[in-house]
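Participant: As a plain string of letters, each chain reads:
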Amino acid sequence: MMHRLPDVAGEWIDRSRTRAFTFEGKRYEGLAGDTISSALAASGVMILGRSFKYHRPRGILSFANHDVNAMFHVNGVPNVRGDVTPLETDMRVTAVNTIGSLTHDHARWMDKLARFLPVGFYYKAFHSKRLFPRWERMIREFSGLGRLDLNAAHVFTPKRYAFCDVLVVGGGASGLHAALAAARMNSNVLLVDESARLGGSSTDAQTRSLIAQIAENDRIEVLTSTYAAGVYADRWIALVEPTRMSKVRAGAVVIATGAIEQPFVFRNNDLPGIVLASGSLRLLRRHAVAIGKRVAITTCDASGYSTALELIEHGINITHVIDIRESPDSELAARLSKHGVRSLPAHHVVEAHAGRDQCLARVTCAKAGGSTLTFDCDALVMAGSWTPALQLLLQAGGKVMFEEAAQMHLASEIPAGLFVAGRAAGVFGDAAKASQAEQAGVRAASFAHHGIVDAVPHRVGTTSVQMHALQAALGGNVVPSVYPPHPRGKDFVDFDEDLQVKDLGNAIHEGFDSIELMKRYSTVGMGPSQGKLSNTNAARVLASVRDLPIGAVGLTTARPLYHPVPMKHLAGRGFTPERATPIASRHEELGAVWMLAGNWHRPEYYRRSDETRAHTIAAEVAAVRNSVGLIDVGTLGKIEVHGPDAGEFLDRAYAGRYSDMHVGTTRYALLLDEAGTIVDDGVVARLNPQCFYFTTTTSGSAGVYRELLRLNALWRLNCSLVNVTGHRAAFNLAGPRSRDLLAKLTPCALEESSFPYLGVRESRIADVDARFLRVGFVGELGFEIHVPFSQAASVWDALNEQGANLGIRSFGVEAQRALRLEKGHFIIGQDTDGLTNPFEAHAGWAVKMNKRFFIGQRSLRIRQQRGPRQLLVGFEIPEPIAELKESHLVIDGDAIAGRVTSVAFSHTLNTTIGLAMVKPSLAHHGMKLSMRLSDGAIVNATVVPTPFYDRDNRRQKLQEAA
Amino acid sequence: MKLLRCPLNGVRPVSEFAYGGEVRPMPDPDSCSDLEWADYVFNRSGVPGVKREWWCHIASGYWFIAERDTLVDRVLDTYSVDELVRRGGA
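First to last, the sequence lines map onto chains A and B. Sequential numbering of the first sequence, starting at 1, is according to the working numbering. Sequential numbering of the second sequence, starting at 1, is according to the working numbering.
Bear in mind the hints are in silico, worked out from the structure with no lab data behind them. Don't be surprised by glycine CBs; every beta carbon is placed ideally from N, CA and C. Not one of these hints is a red herring.
Selected chain B positions facing chain A (Cβ under 7 Å, derived; list incomplete): (1) M1; (2) K2; (3) L3; (4) G20; (5) P29; (6) D34; (7) V41; (8) C56; (9) G61; (10) W63; (11) V81.
Kindly produce the complete structure, drawing on both the sequences and the hints.
Facilitator: Structural data, given as structure tokens:
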């Protein structure tokens with residue numbers, strides 16, 4: 001049974017401060033400096049949880065957070081990692097995946113059913129759609145890990161950006177050496193480790209001195225209880241801290257993540273009491289916990305002996321060392337025998353036996369091809385099978401190769417800016433690790449200072465000298481065989497998923513015989529520990545069955561995240577920037593009901609308490625038709641193009657001709673894509689011979705500006721573009737009284753003769769510099785007023801003040817849509833689609849096909865020849881039809897012949913009007929269209945010419961104010 | 001997040017950039033056939049390899065060219081449009 005020892009030099013625990021906590025409702029006491037797992041171990045608690053599938057009892061295995069045996073529900077938080085989570089007073093700890101109690105789990109019988117639950121069981125058993133929901137409920141009840149508390153408090157987990165020259169991942173001896181070496185090169189170093197303290201497995205005087213140097217070094221920042229969850233492009237690393245995530249941009253990264261000790265595979269290798277050697281040493285060194293009273297060790301290299309000697313030194317009774325090698329180091333064996341340890345060379349463990357307490361009680365081992373021996377023990381240590389922890393390297397695009405001589409996967413190709421140090425690089429032995437890690441730190445620092453982002457990855461081979469040193473450090477390791485399966489099974493390869501050797505064998509025999517297929521079919525390596533303790537053994541099984549070298553079998557792709565990351569760290573807070581015009585507060589005061597247009601907030605209409613929405617919009621329309629209305633159009637894209645070639649640029653980019661415009665005039669502009677499809681529109685105003693000022697649609701402004709910049713870069717004309725969308729506010733003052741109102745505020749001559757329709761003037765309004773554009777979008781006399789952003793409010797106020805006695809009314813987007821529909825103007829993206837060309841939208845007048853070149857011209861030539869696919873037509877229905885909506889289909893016979901693109905009841909005309917995109921044979925005035933409503937009913941409409949209102953466009957060119 | 005070297009603004013995170021598609025020389029619209037033109041307008045090559053791409057540094061509105069190996073998503077070189085013209089790519 002595990003228990004606490006007297007003082008161990010370098011221990012992390014503080015024996016003067018106790019920490020009371022409960023586990024499964026029972027009260028225990030640990031010490032400050034304990035983790036949850038070590039406190040339970042010190043209290044003699046051997047069973048920490050139940051396995052995922054068979055509900056087998058499980059105890060401490062790696063004590064390095066490499067397994068999920070030590071996963072707990074703590075104070076309502078599921079799946080807390082016990083190996084690394086510091087113990088705190090009053091923690092309420094319970095096991096995960098138990099039914100009933102931990103020691104008397106009601107689902108223990110699942111273990112007896114194992115042979116009826118072969119690999120691929122789900123795929124084979126659950127064909128029936130009818131029965132599946134029932135099975136699913138049952139499986140979810142019996143398997144799975146922690147339970148979610150749906151009433152848990154909502155916690156915001158901050159994210160921060162961090163920067164460093166050199167990031168060192170792993171605070172073991174190698175990481176410490178690398179960090180110090182990089183700091184000596186004047187690098188700012190960030191050193192992270194997932195344990196509560198630095199030092200890794202080691203707590204000796206040498207390591208403590210390194211930690212002290214780190215603490216004194218101003219260039220090194222240390223983050224403990226922090227792990228690197230993912231390495232992304234160009235050394236962009238996600239660091240998960242207990243209450244925060246740091247996104248780090250590192251100049252260089254040193255991967256000093258050590259090596260992951262692998263379990264041996266034999267029957268019942270998962271019994272509580274069977275522990276990895278490195279875990280037993282960490283328990284001892286950090287927390288003064290002895291793993292048992294009668295301890296056996298099974299090993300395949302020299303580390304089994306050194307582990308034995310260290311445990312003996314602290315008074316732990318070692319009975320046997322079971323060594324797979326035929327002729328282990330006789331000197332080490334002799335030293336152990338002095339302590340009464342029996343060496344069993346050329347032996348391997350075949351079975352572990354549980355006692356009444358469901359924990360390890362006896363071990364049976366066998367000599368190669370011969371006799372077996374069974375003896376009592378309460379702990380079994382598995383020593384010496386290592387897999388360098390290169391997940392982060394692989395995530396970053398590195399490659400590994402299996403080195404037969406060392407029986408491990410070692411880095412073979414390392415992405416630029418990454419460096420591997422210590423055991424992760426296959427370097428074992430204190431002196432060798434120190435010098436190699438220092439070199440890695442120095443190289444990382446030089447890369448960070450002189451490296452370039454575009455540097456290419458470098459290949460690393462393992463030289464024969466390095467391999468010889470590795471072999472010597474390991475003591476001539478021989479990796480234990482993992483195949484064939486034990487006849488009675490329960491020889492686990494994957495502890496997360498309860499996979500036995502035969503499960504993998506079956507997967508392979510069923511044809512899933514490549515490493516990736518085997519993984520997906522059997523789920524090996526797909527549990528929460530992501531194969532840290534199973535991928536290597538699974539590859540060995542596959543290699544044995546297929547009789548291939550392990551190197552030829554390969555490894556599954558390692559992807560982020562390294563550990564499961566709590567959702568709170570992954571969930572972000574939405575960041576959707578929204579834009580408001582400078583007079584948003586004025587709209588608010590007027591009762592604006594807001595809508596989003598692109599990322600702009602725009603008033604849909606202005607609510608009045610005594611009116612319905614429809615009435616309000618109709619009243620806003622009426623104000624424009626009868627007196628004067630004011631709308632904020634500051635959301636339009638506004639661009640200036642300057643230079644001798646400005647006209648030429650617009651001629652090439654837009655469909656019309658602009659280079660021949662007179663100063664002081666405006667012209668409608670259509671932007672096409674290379675296929676000749678309409679993508680945007682606006683108004684171009686010529687302010688002087690070398691400057692045009694033009695607008696784009698609200699939602700198109702950013703994209704149009706960017707594309708125009710690209711075209712300008714490509715054509716290299718002598719002109720340049722400036723986006724003034726955010727610099728200028730704009731209002732449209734429209735209605736028969738608009739000129740009267742504007743005249744009160746500007747010295748600009750507004751009479752028809754001096755400022756005709758489609759003119760542009762630069763002048764002043766209410767003592768503010770302004771540009772006036774005479775436009776007709778809503779079909780009335782109208783002026784667009786463009787003023788600097790900062791002066792917008794005072795101009796808006798002045799217009800409203802002076803307009804009060806003219807009955808001025810602000811109108812929103814809905815009224816504007818109704819007004820433009822009465823004029824038959826299309827809205828790009830609503831009345832046109834991703835295939836509509838100008839001829840189909842009756843906008844051919846805005847296209848100058850006889851220009852030398854413009855974007856879309858060549859395609860339009862082809863499309864013009866072929867004739868229209870569809871045509872935009874106006875339609876009328878005499879009565880209001882509220883059910884007719886945009887996107888309702890036009891039906892011809894029993895076929896779809898088009899769709900409604902805009903529809904509204906016009907109070908001005910007292911009829912329902914709309915636009916529809918229909919096949920050309922229906923696009924004749926007087927043609928009857930059948931439109932299908934959502935409920936299938938058909939309404940009839942008549943194709944009519946547009947504009948619906950003021951067919952001759954007299955009103956927008958009004959000679960005299962009404 | 002990837003880093004990209006803008007010829008004007010230096011090394012910046014890729015979130016500051018917009019991708020503008022492959023650099024594809026336009027055939028002469030007056031002399032090419034309809035088929036050649038349609039190929040230029042509608043067809044894109046998905047074959048991985050080193051491609052010349054348009055990239056825009058959004059904040060400064062600066063367009064430049066990146067040569068990127070799309071097989072391994074590695075940017076090999078970035079340069080101005082002037083340089084593209086010098087190299088005969090436009």
